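**Q** The chain contents come next:
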Amino acid sequence: MKRRRANDSPKRRTTLTLPADSLTQAASIARAKKVTLSTVISEALANGLQAYAATQRSEEILSAYKKAFSGFSEEELQLLDGVVLDSPRKRR
Amino acid sequence: MVDPASGPFIFDTSVESWLARSQDSALKQWFQEYLSLHPVHVSAITVTERIRGYAVILRRSRKQRREAVEAARTAYLSHLGYVWPVDAAVAVVAAEIMALLPHPATSPRGTHKLIESRQERLARWRFDCIIAATALVAALALIHNNAADFESIRGAIERSPERFPKLGPLELIRCGSLVN
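So the sequences go chain by chain: A and B.
Position 17 of the first sequence, counted from 1, bears residue number 17 in the numbering used here, the numbering being contiguous throughout.
Position 175 of the second sequence, counted from 1, bears residue number 1175 in the numbering used here, the numbering being contiguous throughout.
Chain B with its partners taken away, still in its complex shape (with noise of 0.2 Å):
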């Protein structure tokens, strides 16, 4: 189990949801303690990512559903926690997270009636270096919920040491492993 008292933590873009969706008591009673002691931490980028899916549900939406998509978006940015930004370090860092894994590591996501389209799966993979970038450089745990894509980050960091100076290695929690 991770104590919530080691935080602050950086929580991934699909984190922050699928906690406040978990029906699971122990993962519920895990992240109120979290709250009580720090403030939720995220990457400009995750505020990027989902504030583009609301603006997107908004333009799908019928008229008469578009007053609770407004107050869901409304409720996430009034509490948004510590959002760190894309800064000088965190774009150099990215920069060399990018060069040296130029490509997404797993394929594009897809149900049976609908796919991620390339440039969508680049995109999101730039964007989770970006958010790997922004936890090397704050020197704070990323929790997420994407073994394969922040593996391989993490990986790729540990074999070029040279390329990420007093940086590293790359803490990384699974969300599965926050209460077990």
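Next comes chain A alone, as it looks inside the complex (with noise of 0.2 Å):
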């Protein structure tokens, strides 16, 4: 599936109060590019939501594979590794 990019999607008009020095970059940017402002301001916003969303993804899968593999003990673990042991006697 293409992935929407910020500039695809509708826009809608918004107040917000920004850092300075950050607002300063980010019309240097714009004029280096020779784009508007709020396409700078866009852009860096849809980065900044791709790269928090991308580390909620990482934490939410980290966090499920500890609960995975707590709670074992080493024989156990071994097993969820591919790796059955077993006591000779059993086998025999």
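In case anyone wonders, no lab produced these hints; they're calculated from the structure.
Among the hints, a few may not be true.
[What the hints assert, rightly or not] A few chain A positions that, by computed beta-carbon distances, are all more than 10 Å from chain B:
(1) 12
(2) 30
(3) 48
[Claimed, not checked] Dumping the calculated SDA-like pairs for lysine to any residue here, alpha-carbon to alpha-carbon at most 20 Å:
(4) B:1113 x A:78
(5) B:1028 x B:1174
(6) A:67 x B:1069
(7) A:66 x B:1109
Everything numeric in this text was worked out from a predicted model, so none of it was measured.
For glycine and all other residues, C-beta sits at the position ideal for the given N, C-alpha and C.
Join these two chains into a complex; the hints should help.
**A** Written out as structure tokens, the structure reads:
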């Protein structure tokens, strides 16, 4: 599925209070790239949100992994890794 | 150090659990960064080995523990990542590897009380051959924690390139080298 880019989605006007330094930096990028300040801000926001979602996803997976592999003895962890150990007597 | 951005990689069965339990902060950070960029790729064989493990533990567990084991199994299944099937190409390549290396490269594992039977060792060896074949067909590097076995598979593939046309080399990454 094609990922929707920030520029493709419908626009909505809003008012934000942003750090002056960031705004100056964004304005400088906009001038260099010959695009509007809104374009630079929306791209930066989209990238930031994408990174945030990726971090959330990785934390969720790590948490599931911890749950999946905790509370087991060493022998049981070997079983979960595909190594089946058994008592030699049992096998006779 | 292995750049997480150079992935995705295929994870051998023991690797996910090893990474999940690691206390090494650099390793944890590496895994977190990897997960923010790519899903964990595994062979369907890894899912088989893992779920068999949960099933055996479940069967051996007392009633009061079963719920916790079932919850761990569900947590594992809820985040499987990308599972590579054992399709015709993987089956053919795995068969070639098994024919070149019919016997396991290393002895059965064991502790002071318990031992892996020869039958189990052979089954695990064949599973390793299928996992290596999956990585070869997918053209992805395989992260492993089992150097002796996978290095011998890589060596056999390199010695008989005519059996693996348009494939290879098998690229291996040892767990220990992920952040070093």
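**Q** Take the hints in turn and mark each one as holding or not.
**A** These are the hints, each one checked on the structure:
1. 12: Per Cβ check, residue 12 of chain A is outside 10 Å of chain B; nearest 28 Å; holds.
2. 30: holds, 28 Å
3. 48: Holds, since 13 Å exceeds 10 Å.
4. B:1113 x A:78: holds, 14 Å
5. B:1028 x B:1174: holds, 16 Å
6. A:67 x B:1069: holds, 10 Å
7. A:66 x B:1109: Given pair residue 66 of chain A, residue 1109 of chain B is violated - Cα atoms ~25 Å apart, limit 20 Å.
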